[in-house]
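Protein chains in written order, with the working numbering: chain E, 1 to 262; chain H, 1 to 223; chain F, 1 to 274.
What the hints contain is simulated information worked out from the structure, not anything from laboratory work. Be aware that a few hints might be false.
[Said to hold, decoys possible] Sample of chain H residues lacking proximity to chain F, with all beta carbon distances greater than 12 Å (derived): (1) V15; (2) F74; (3) L98; (4) G107; (5) F130.
[Claimed, not checked] Below are the EDC-like pairs computed for lysine to aspartate or glutamate, each with C-alpha atoms no more than 16 Å apart in a straight line: (6) K131(E) to D195(F); (7) K88(F) to E52(F); (8) K225(E) to E2(E); (9) K110(H) to E73(E); (10) K149(F) to E73(E); (11) K149(F) to E220(E); (12) K111(F) to D99(F); (13) K238(F) to E158(F); (14) K88(F) to D35(F); (15) K217(F) to E240(F); (16) K33(F) to E220(E); (17) K149(F) to E116(F); (18) K88(F) to D99(F); (19) K119(F) to D153(F); (20) K88(F) to D172(F); (21) K131(E) to D124(F); (22) K238(F) to E107(F); (23) K50(F) to D172(F); (24) K110(H) to E192(F); (25) K110(H) to D108(F); (26) K5(H) to D102(E); (27) K87(F) to D49(F); (28) K239(F) to E107(F); (29) K120(F) to D89(F); (30) K272(F) to E240(F); (31) K88(F) to E116(F); (32) K33(F) to E240(F); (33) K120(F) to D172(F); (34) K6(H) to D102(E); (35) K111(F) to D124(F); (36) K50(F) to D108(F); (37) K87(F) to D124(F); (38) K6(H) to D179(H); (39) K110(H) to E107(F); (40) K110(H) to D153(F).
Built from N, CA and C at the ideal position, the CB exists for glycine as well.
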Amino acid sequence: MEMLGIWLAVGCTIAIYSFLYKDNVVFKLAEHLYVGLSAGYGFCYAFFKIVWPDLLLPLGRVTVSSLGGTLSEPLSSHENWWLLIPLIFSILILTRFFRRIDWLSKWSFAFIIGTTAGITIPFVTSAYLIKQIVPSLRPLIIVENTLAQSIISSGNAILILIGIGAVLCYFFFSLEQKKTMKVISRIGIYYMMIAFGAAFGYTIMGRASLTIARFQHLVEWGSAKYAYASIVLFFGVTGLVVFTELLSRRGDDNKPSEIPKT
Amino acid sequence: MVFLKKQIPLLIALVTGIIFIIQFFVPHPASQNLQAWVTKWISIVTGTALLLGLTSLIYLHYQKVKNKTTGWGFSLVVFLGVFISLMAGFLPTIINWLTPSPVLTAGMTKGSPLIWIFNNSIAPLQASMFSLIAFFMASASFRAFRIKNIQATVLLVSAMIIMLGQIPLGGLISSAIPDTMTWILTVPNIAVRRAILFGVTLGAIATSLKIIFGIEQSYLGSK
Amino acid sequence: MSNSKQSIHKRYRARWIIFALLAITILASLFIKADFPFPAAQVVQNVYDKIESLPAGSAVVIAFDFSPGAAGELEPMALAMVRHCFKKDLRVIGLTIWDAPAVPIMEDVIKQAATEYQKKDGLDYTLLPFKPGLIYLTMCQDFYLAYPKDYRDQPTRELPVFHGIKNLSDVDYVFDIASLSTIETWIAYGKEKADIELGAACTAVMATDYYPFLQSKQLNGLVGGLGAIAQYETLLQKKERAYQAMIPQSAVHLLIILLIVIGNLIYLKQRKKN
């Protein structure tokens, strides 16, 4: 079963990689299979790990207990009639299946969105504004062991403060970007170019890491231990791509080709 | 009817929103327990909403098959994927229910058919899709990364320092490379990220207030 | 063949050459084995030191908030972190606030490390199922309300691994391994409500976003991207997938730099000509 799994994984990987040649039938098959499998997986997970154990099972146990039935395990503190509230909101959400009463689902969405909005405001104000403003302003003058270190540290702290102000000025559209504002905004642009350059450098690292990890697996799976799965399937999938391309090209010669963007 | 369809949801959002803003400032155990319970309920209701995702997907692809739109055959592959996942998820559980002692590893733990499918098809498919991006980034770097002005040059120099600073080679060439990288990340980068964070946070707070006070209603849909 | 078709084919060809160059670079460099020094950055060292400072029996929550799409980058970090915790005899509580697909990855990683260090499920570690919504706020108040059962459907209240833990505040360290914005979530809610000590690892793409939180001490350390993960593996003296990937990683970075330089030389030449 493990070997079959590896061969399936390799087949899926190479089918997706066939997109590097261009958009083709084999890639599309793999892509659509992925969508279907993921959706089914998500449904099973939501049912088996959320709706059943957190709602239906506890409510069923509460009902049995109330009717005088015996339970294999005693009721815990979270198993009580209060669960009727999420049950009602859950049922309201499912009214989306019925066009005449689907407006009832809005009550559930309003409950979720309203509560989340209310909770968000104080937490993000505290974590992202107050706790971020303080270290931007204090300490600006930092005393270290040597004078040179102190100058460098204090200089950096001042540079951060200037940068924050300059970038905020660049995004402040209520004032016309003229004279002083224009100069400050230009400083902000340079700060952003440095930061975005850093982000670009990191992005290259991140994307390359994912490809390297995939190749590490493919090389491992191409060994004799896995019956040369990567090598065999590389030629197999390539053959399939060529075959489907030849089939689709029949009578397709007059169609304009897709222009690669990058 | 308009009251039920429109005013009630707005009222629910207003009341729950205000309650939970106030709740933050009330450290009493009852207030804390209220938040714990309501967030638990939201988790359950959101879980139910996840079930809706599958039905929306099926409906979308059913329409494609019904109208025979371009590529409708691929929609059948989506159905096949859904069918396989659901069978792998539910069938072992049903079989175990019907037999006196469990005969299959059911559910969502290692060894169950659904997790086998996840490990050997869903995970490699997703990982491969993400790993494709590197190829297009390499191509874009060659075609689009141009030094047209000073700003682009600054961006390029910064990117190169970071690219070299993150790999062992950078430190081997000169210790100045990782040091400069650290300076970039801890001074100009912090300034920019923090300024953006302020903007995003103020935006999030404004949107939340608009939701609570019924100015923002897009979550209620068009009807 | 018409001119436009020729030009399209030319563009495809140029693209394929670059793709092939990248693939060959990675494949060739994967076979190069070398040992090299890779000193840890201070932000990586902070995470390592924090785990080292925890006494045996301390509880650590490891949040596996990443998708299979980012597993190539973050799975080595997850494995290194769990191994480090087990090496120090810490209790591990694995969970995810991101999404269901993280759960099988979590199970694989923790069980692999548990086998290596002979740790027992329920006693030394546990895995909690994914719950959507604002469950992190529920666990800030009551772990057992948020997660009445573990992933094997055992009542969490009865698990020895939870001894002395009622809510998130009772946990000694939270480490989030993220491919999406869950680090912000842990900062805004976990840190604010339960005053947790928080560290994080993230994909390289997101790494630059979290430096303001390091300066404000809302994060005690950050392992951003595969390079930083390789540094962590070096500190742990378990040089595995991330460390081994550093040679291909270096080769790819050099290739990209070369491509940018060549692209710009061509551009400058064309500009001069025009």
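Assertion that F130(H) lies outside the chain F interface [Cβ separation over 12 Å]
violated (4 Å)
Hey, K225(E) versus E2(E), does the alpha-carbon distance stay inside 16 Å?
Holds - the C-alpha atoms of E2(E) and K225(E) are around 12 Å apart, at most 16 Å.
Does the alpha-carbon distance linking K87(F) and D49(F) stay inside the 16 Å limit?
holds (14 Å)
Is the hinted pair K149(F) and E220(E) satisfied, with a Cα-Cα distance of at most 16 Å?
Distance ~37 Å between K149(F) and E220(E) Cα, so the pair is violated.
Given the hint that K238(F) pairs with E158(F), does the C-alpha gap stay at or below 16 Å?
violated (34 Å)
Are K110(H) and D153(F) close enough, with their CA atoms no more than 16 Å apart?
holds (14 Å)
16 Å limit on alpha-carbon distance, applied to hinted pair K33(F) and E220(E)
Judged against 16 Å, a Cα distance of about 15 Å means the pair holds.
Given hint E116(F) paired with K149(F) - CA-CA distance at most 16 Å
The hint is violated at about 26 Å.
Is the Cβ of G107(H) more than 12 Å away from each Cβ in chain F?
violated (8 Å)
So is V15(H) really clear of chain F, every C-beta pair being over 12 Å apart?
Holds: least Cβ distance 17 Å, greater than 12 Å.
Between the alpha carbons of K5(H) and D102(E), is the straight-line distance 16 Å or under?
Satisfied, since the Cα-Cα distance of roughly 10 Å is no more than 16 Å.
Is K110(H) within 16 Å of E107(F), Cα to Cα?
holds (7 Å)
Checked against the numbered hints listed earlier, the structure breaks hints 4, 5, 9, 11, 12, 13, 14, 15, 17, 18, 19, 21, 22, 24, 28, 30, 33, 36, 38; every other hint is satisfied.
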